[in-house]
Amino acid sequence: METLTIAVDAGGVAHITMTRPEVFNAFNELMISELSQAVEHCVADPGVRVIVLAGAGKAFSAGADIEWMRRAAAASEQVNLEDARRFAAMLQRLAECPKPTLARIQGLALGGGVGLACACDIAIASSEAKFAVSEARFGILPAVIGPYVINAVGPRQAKRLALTASRIGAAEALHMGLVHEVVEPGELDAALARWVPELLASGPQAQAEIKALFAQIEVGPVSAEVRELTAQTIARVRTGAEAREGFAAFLAKRAAPWAPQ
1 METLTIAVDA GGVAHITMTR PEVFNAFNEL MISELSQAVE HCVADPGVRV
51 IVLAGAGKAF SAGADIEWMR RAAAASEQVN LEDARRFAAM LQRLAECPKP
101 TLARIQGLAL GGGVGLACAC DIAIASSEAK FAVSEARFGI LPAVIGPYVI
151 NAVGPRQAKR LALTASRIGA AEALHMGLVH EVVEPGELDA ALARWVPELL
201 ASGPQAQAEI KALFAQIEVG PVSAEVRELT AQTIARVRTG AEAREGFAAF
251 LAKRAAPWAP Q
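In this text, residue positions in the sequence shown follow the UniProt record's numbering: the first is 1, and each later residue adds one.
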């Protein structure tokens, strides 16, 4: 691939790294396509348990590449629609990936870079990271990333970020739930080394079921339909092979086969 690399370590952790540091890992049509392919590759690889999304150089991602935006502004509405659909499909693949995903954030995360962070299950940031949902400064709006930002921080905070387009620091991003942990510069990899074993200790099929179920549940009253969905899900999963092995390992006081040894 031209805009990113994929490396899978011995523990089953796939590191997808955006490699356009000269433009702060801003993405264009090619990177969007390659990110989609990279996620699909990791989903299809049974050896991959966890996916880490990172950016090379000083920034995580500055969002949309200005040259890509210039081409889009000169194109027809139909061309822009097809372009936006490809971007939306990439974010959906990342968000709906059945395997746990972590964003490793340093430097800038702007516009679509915030969308990438919010589409991941867990986000870890350096204390010097800066975030902005910056689209309105260019006379456009964060439409495709909007649902992921809202899901991450709630509608009022998302609206505030989008309307002001102002930059916030890592501490404020942590406070509003945009990221899950903030560490000192240089300690991002050490933080990942704490999070990854926690994820690897859980059953991979259970994690896929969690992500699929939680994606169907909205905040609010627990309806009869939701109660039935949850009952059917646990009944099905509880009788599966992974659950049987998990309970057997617990009772025998040994590690489950999927856990790091």
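These are calculated hints, taken from the structure and not from any lab test. Mixed in with the good hints there might be a few duds.
[What the hints assert, rightly or not] Below, simulated DSS-like cross-link-like pairs (lysine-lysine); rule was C-alpha separation at most 25 Å, straight line: (1) K159 x K253; (2) K130 x K58; (3) K159 x K130.
[As the list claims (entries may be wrong)] Across the chosen pairs, the derived CB separations fall in these ranges: (4) V79 x P21: 21 to 31 Å; (5) P46 x Q78: 46 to 56 Å; (6) P46 x E198: 14 to 24 Å; (7) A231 x P21: 24 to 34 Å.
Ideal placement from N, C-alpha and C gives every residue a C-beta, glycine not left out.
- prompt: So which hints don't hold here, by number, going up?
  reply: 1, 5, 7
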